[in-house]
Amino acid sequence: MYRTKFSDHLVLILGSLFLCMPVVVAFMTSTHTAADIHMNGLSLAWGDNFIATYEKVLTQKGGFTGDITGARMVMNSLILGVGFAIGKILLSMMAAYAIVYFRFPMATLSFWVIFTTLLLPLEVRIMPSYQVMSDLGLLNTYSGLIVPLLASATGTFYFRQFFKSVPEELLEAARIDGAGPFKFFIDILVPISRTMIAAIFIIMFVYGWNQYLWPMMMTTDESFFTLMRGIKSILQVWVGSNIPDYNEAFALAVLAMLPPVAIVVIFQSWFIKGLTESDK
Amino acid sequence: MAAIDISSVGKIYNGGVRAVTDIDLDIKDGEFIVLVGPSGCGKSTLLRMVAGLEAISEGTVKIGDRVVNEVEPADRDIAMVFQNYALYPHMTVRQNLEYGLKNRKTPKAEIDARVAEAARMLEITQYLDRKPRALSGGQRQRVAMGRAIVRKPAAFLFDEPLSNLDAKLRVSMRGEIKRLQRRLGTTSIYVTHDQLEAMTLADRLVVLNGGKIEQVGSPLDVYHTPASTFVASFIGSPAMNLVKAELQGDRLAIGPSQISLNGYAPTSGAVTVGLRAEDLRVVSSAEGMPFTVEYVEELGSQRLAHGLVGDQAVTIALSGEAEITDSMRLSIDPSKLHFFDAETGRRLDVRAPATAVAAVAEPVA
Chain R
1 MYRTKFSDHL VLILGSLFLC MPVVVAFMTS THTAADIHMN GLSLAWGDNF
51 IATYEKVLTQ KGGFTGDITG ARMVMNSLIL GVGFAIGKIL LSMMAAYAIV
101 YFRFPMATLS FWVIFTTLLL PLEVRIMPSY QVMSDLGLLN TYSGLIVPLL
151 ASATGTFYFR QFFKSVPEEL LEAARIDGAG PFKFFIDILV PISRTMIAAI
201 FIIMFVYGWN QYLWPMMMTT DESFFTLMRG IKSILQVWVG SNIPDYNEAF
251 ALAVLAMLPP VAIVVIFQSW FIKGLTESDK
Chain W
1 MAAIDISSVG KIYNGGVRAV TDIDLDIKDG EFIVLVGPSG CGKSTLLRMV
51 AGLEAISEGT VKIGDRVVNE VEPADRDIAM VFQNYALYPH MTVRQNLEYG
101 LKNRKTPKAE IDARVAEAAR MLEITQYLDR KPRALSGGQR QRVAMGRAIV
151 RKPAAFLFDE PLSNLDAKLR VSMRGEIKRL QRRLGTTSIY VTHDQLEAMT
201 LADRLVVLNG GKIEQVGSPL DVYHTPASTF VASFIGSPAM NLVKAELQGD
251 RLAIGPSQIS LNGYAPTSGA VTVGLRAEDL RVVSSAEGMP FTVEYVEELG
301 SQRLAHGLVG DQAVTIALSG EAEITDSMRL SIDPSKLHFF DAETGRRLDV
351 RAPATAVAAV AEPVA
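Protein sequences, first through last, are from chains R and W.
Residue numbers for the first sequence follow full-length UniProt numbering, beginning at 1 and rising by one.
Residue numbers for the second sequence follow full-length UniProt numbering, beginning at 1 and rising by one.
The hints are simulated quantities; they were obtained by calculation from the structure and are not laboratory data.
Computed from a prediction, not measured in an experiment: that's the story for all the values here.
Even glycine gets a Cβ: it sits at the ideal position worked out from N, Cα and C.
Each hint should be verified, as a subset may be incorrect.
Interface residues of chain W toward chain R, partial, derived using beta-carbon atoms under 10 angstroms [stated by the list, open to error]: (1) L53; (2) V67; (3) E72; (4) P73; (5) D75; (6) R76; (7) F82; (8) Y85; (9) K102; (10) Q139; (11) R151; (12) L157.
Excised from the complex, chain W in its bound form (with noise of 0.2 angstroms):
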């Protein structure tokens, strides 16, 4: 167990194409970090040099307390599982435990009884004898984890290990895998282009973009206070409603309607807005500002109601019981409002007035 300290690190391909840049990390012990972003953001490229499956261009990468920037994956004490499992084919469930514990010359001893503990922790015991052909794919997952396991490395590092199970599987494995974490208290670098699997698993979420790091911080700072218009749409589910609206003095116009933000304004002139859809809720009176329904998607438990406000499209989410008619009006609470720059998309942050009353929009006379 260590704790892993990322400083100024960079990837330059050959070709001089840039993957990564200037990424400043430090995982502390015991901690699992979900990298999250697009595809191409740089995630598994970062992982990777972590890794040390791709040599790392600038900056450095410590383990504990050793520079691991010139060391073989084998010896930097870490453990990785892979989106596709990478188990070798021709060897038995068991086989594929113990390779990497005999190429360390691991007494037999040890390895037998590490790869039964591996085993018994992760309910594969049945299979050992078993090639990884003849598993399922959350059985084989659990094989690649148990690799990893039985290694009692310094760090995990998951790649998009959930990708390819099925929705159903997928919850569940992600569940076992924090609960495996928890126990066994190993430093977990994990990377998902999945924001719920990121939200659900880390201890703090690094978002990333274009090889940039847009924002660190725990689930829930990630969620209340995205710092980016980028972290805004990527986390959460449904996306949060960014809104072109314009400040003047104490109001917000967005299209036709304004909101009176009650000291909440943190500027003036142009700038996004970002409404959670699940923050708007729908007003009989005839102030808020006026939604068109285009269509509704039936989540169960939720309504999520697609439509327009003015000409910019907005969702908001309802009860599942909620009536929704084709125009309604809707308002929010102006200290759930996140205001981003219009240029550069950072967040632009508000300084709470000392007594917040809920504003009513009004209509434009």
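Bound conformation, chain R alone (with noise of 0.2 angstroms):
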């Protein structure tokens, strides 16, 4: 048996520094005041600052109409997220489910159209995307923000191979027993899906959360912007001899960590599953 040496630990311990000092950097200088961090750069130090800082972030009305708050902002932030990951579910489990069980003509040919749009990220289509959105009045809705980013066949694509390792056997068995193809969605498919299903939200709801483009671009109306966009408006404001409140930017950022990792931490277990064993 393999017997683990000092050199080992030691690799591991170099990795985990690695991946974890700039977010424990970025949060300890959070706690700084701006001036502070301006004056001595980033800091490894626990400052005084700390719930200042994040009471500020959260609760001060900002931005240019001076009416959002940090809060607010991660809220859209979450809407978005959470919006993306469900709608894409249902969408691409649908979608597969009719190109795995269903013959219809040129079924094969839908699966390679739709695979296709993957090599059409929405920042290639974004002009088009925001003339359709545009011309069904969809700017500055929530809608608007997910709807577009649902069109990708990544989800589809997932979903299409875990049905297709899904055995035989057990869609006749349920045809034997009586279930239609909507019972057998329902009751034998989606249960069996659920890891799977656990995996895509949490890879979903990260793509949807870290979006930045898009909203950049779909939202004027400043009560729909989502935390990364507040993140680069606050470092935006070089006006006079103000101050960037690099504190600001670095506690949002650290906010805007959050909920990934809540996501993946409750979760991973599933999406460890989903991805690597198939619950048959």
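Assemble the dimeric complex from its two separately framed chains, guided by the hints.
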């Protein structure tokens, strides 16, 4: 048997430090005042401005119009992340169900058409998407934020692969048990996909949460600003002799990290199961 | 409970591949039919056509008095047991058993009664609240059978249900299936590639080869009068020895030796002769077919000696204590010989003579 040596631990410790230090530095720095940071640079020591900074970030109204708080931005980001993840899972499960279990003309072609949209990320089709949303009057709405992002193939592809690995006999047993297409989907397929759903939820939530370009284009009304935009706008206040609020930017960045981390921690075991083993 | 009538059924897959050709089979109410054959012989396809999981390309299938060609599997009043159990992994055993009944809107009290009865019959009552994952292979197969039983269908369809179990469990489950089927008296079709399973379970065996029926009959009929060399080599363990031989009048020449047939010759000329390993006897006299042993398989109760008669492979089964030497001489009762056409492999029937005397093989001078 292999005995772990000190050097193994050393490598792992260095690796985890390498990954964790930037976050620790960001958090520690956020507890200092902006002037302090401006003079002394980044800091590893605990400052005394923790409560003040975070309270300000979460509750103080800021922005151009002065009516958007950090809490509001967190909520917007959550709505975008969760809405995007759920919408994507619903859409892609149904699409994959159709592709895998039903024989219809040009099924394979449809799959490949969906699949090739992987080659067209949002950034490429951002102008036409904006045009469509604008024509539909969906600018500055949550639907406008979420819907155009839903149209991509990753989820469909994952679910297709998963459904294909579900044994055929399960479908046959269900048919003999008198379950129609709808019942089979709800009673059998959705429950056995739950680890897969969890895995995709995490991936998609983080993806939606981290969206930057699309929300920036879509929303001019500040009450729809997401956290990612908020961080950017704080650093833009180079007005006169103002020092940028480094501490607030760092605090927002730390806040922005929390929900994805929380989601991953909560769904961790499911996530790993979903990606590695098939629970059949 | 119902009879199943399969008439001139065929299956052609998209792309023109023909899997099953012209199957005619009348299954009586309560009968246990086993479809047996090597992989790819169409036995599963035939079963799945009866189940409604494959479309029927030709012919008709009747369950009871109803032609079911266009009927959904759920409405055919059948239940199926799959090789890999096909239990719903996210449901408990109880939910697995209930699912089909719930979909049929059976009243709750009725469902509970049937599940309890099936669970008692299969001795799975203590597992009812477990997930299939927490059960062993044998227990899962019981649950799969339970799912079939609670439905009280007109027919059970078994698709190689024991293939995933280990050898010992297979034997005991085999017994249980037989016992259960006797007790419920439900018409059953059972697909297997294991000839032993087929022999022990069947009321009637259907041997399939290349999508066609080779022979239908009771296990002993099929064993004692195989209709073709295919059936002869497939049914029985060890497989029947098939050797090329020539009929010369009343004498049969196998390689260098000749056997006097005492009137058992069905024809003349080249034939394939079938000799069951257990029908061959070792004789001490210099008369008899010379047999050179190549290797011996010990089965405990039996010793199987594999070797050559002339240049043709032959296996003989001897009792556990029998002595085996490198070269021995064999003889056989001519009434135990099976003759097959050398070209087509079909059985050649022997008109048994009035007085049959054990023949003695003689070496060629």
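Structure-based check of all given hints:
no., hint, result
1, L53, "5 angstroms, holds"
2, V67, "19 angstroms, violated"
3, E72, "7 angstroms, holds"
4, P73, "5 angstroms, holds"
5, D75, "8 angstroms, holds"
6, R76, "8 angstroms, holds"
7, F82, "4 angstroms, holds"
8, Y85, "8 angstroms, holds"
9, K102, "9 angstroms, holds"
10, Q139, "17 angstroms, violated"
11, R151, "8 angstroms, holds"
12, L157, "9 angstroms, holds"
Checked against the numbered hints given earlier, the structure breaks hints 2, 10 and satisfies all the rest.
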